[in-house]
Amino acid sequence: AQSVTQPDARVTVSEGASLQLRCKYSYSGTPYLFWYVQYPRQGLQLLLKYYSGDPVVQGVNGFEAEFSKSNSSFHLRKASVHWSDSAVYFCVLSGGGGNNKLTFGQGTVLSVIP
Amino acid sequence: DPKIIQKPKYLVAVTGSEKILICEQYLGHNAMYWYRQSAKKPLEFMFSYSYQKLMDNQTASSRFQPQSSKKNHLDLQITALKPDDSATYFCASSPHWGGNTGQLYFGEGSKLTVL
Numbered sequence: 001a002q003s004v005t006q007p008d009a010r011v012t013v014s015e016g017a018s019l020q021l022r023c024k025y026s027y028s029g030t031p032y033l034f035w036y037v038q039y040p041r042q043g044l045q046l047l048l049k050y051y052s053g054d055p056v057v058q059g060v061n062g063f064e065a066e067f068s069k070s071n072s073s074f075h076l077r078k079a080s081v082h083w084s085d086s087a088v089y090f091c092v093l094s095g096g097g098g099n100n101k102l103t104f105g106q107g108t109v110l111s112v113i114p
Numbered sequence: 001d002p003k004i005i006q007k008p009k010y011l012v013a014v015t016g017s018e019k020i021l022i023c024e025q026y027l028g029h030n031a032m033y034w035y036r037q038s039a040k041k042p043l044e045f046m047f048s049y050s051y052q053k054l055m056d057n058q059t060a061s062s063r064f065q066p067q068s069s070k071k072n073h074l075d076l077q078i079t080a081l082k083p084d085d086s087a088t089y090f091c092a093s094s095p096h097w098g099g100n101t102g103q104l105y106f107g108e109g110s111k112l113t114v115l
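Which chain is which? The protein sequence lines are L and S, in order. If you count by the numbering used here, then the first sequence holds residues 1 to 114, one letter each, in order. If you count by the numbering used here, then the second sequence holds residues 1 to 115, one letter each, in order.
Hints were generated in silico from the structure; no laboratory data involved. Keep in mind that a hint or two might mislead.
Simulated restraints, written as ranges between beta carbons of each label pair [to be verified]:
#: 1; chain 1: S; residue 1: VAL12; chain 2: L; residue 2: THR30; range: 40 to 48 Å
#: 2; chain 1: S; residue 1: ALA39; chain 2: L; residue 2: TYR39; range: 17 to 25 Å
#: 3; chain 1: L; residue 1: TYR39; chain 2: S; residue 2: TYR26; range: 17 to 25 Å
#: 4; chain 1: S; residue 1: VAL12; chain 2: L; residue 2: GLU66; range: 19 to 27 Å
These numbers come from a predicted model, not from an experiment. For each residue, glycine too, the CB sits at the ideal point set by N, CA and C.
When you get a sec, could you build the whole thing from the sequences and use the hints?
Here's what the structure looks like:
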């Protein structure tokens with residue numbers, strides 16, 4: 001069985017501050033990992049993805065994530081957040097099989113205070 | 001403009017009734033999916049379709065029936081509604097079913113409340 005845990009349901013940061021959203025996964029094989037974001041009144045959008053290679057992957061809007069196999073983690077980071085980053089962030093795992101059957105974390109609601 | 005249109009955005013139904021959730025995608029994709037997000041639960045996979053054929057079904061109940069009349073349509077019929085069916089239902093698509101890219105394009109969701 002595979003699972004994704006986002007331990008922080010809500011995170012509030014001030015504009016300009018740095019950000020880390022945590023994600024832990026459980027999967028016996030080689031995971032494909034993603035971060036999706038849902039802005040208000042919009043569908044989910046892919047922020048970044050990790051398949052293999054360099055454990056630090058870059059995404060859109062200055063986001064990056066670091067994969068750690070030893071820690072079973074895929075944390076999302078941003079050096080300086082903007083109020084427009086306020087959204088719900090989902091950590092997602094695809095465990096193979098080639099069928100795009102995704103396993104989602106609970107999501108973290110990010111609020112950026114101007 | 002949204003490329004995946006889900007209708008209605010909100011709906012309220014009574015227990016025992018039947019509803020159809022509509023999904024149309026204008027991305028030219030060959031694969032479509034349904035995901036569900038119940039209260040305080042993560043999004044969970046329900047169905048996947050490729051070229052209008054059912055590829056995967058993770059929904060135990062036969063009360064949930066996907067219907068694909070066209071390649072860019074994947075509706076979801078729910079019969080004998082129960083309060084536990086209350087959730088936001090997300091439609092998604094991808095260029096192809098295989099490949100395990102994990103890159104799906106999602107609609108805004110249809111929020112169903114069953115009283």
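Cross-check of the supplied hints:
1. Restraint check, S/VAL12 to L/THR30: a C-beta distance of roughly 44 Å satisfies the suggested window 40 to 48 Å.
2. Taken as a hint, the range 17 to 25 Å holds for the pair S/ALA39 and L/TYR39, whose Cβ atoms sit roughly 21 Å apart.
3. As the Cβ distance of L/TYR39 to S/TYR26 is approximately 20 Å, the hint placing it in 17 to 25 Å holds.
4. The hint said 19 to 27 Å for the Cβ distance between S/VAL12 and L/GLU66, and at roughly 43 Å that hint is violated.
Hint compliance for this structure: hint 4 alone is broken.
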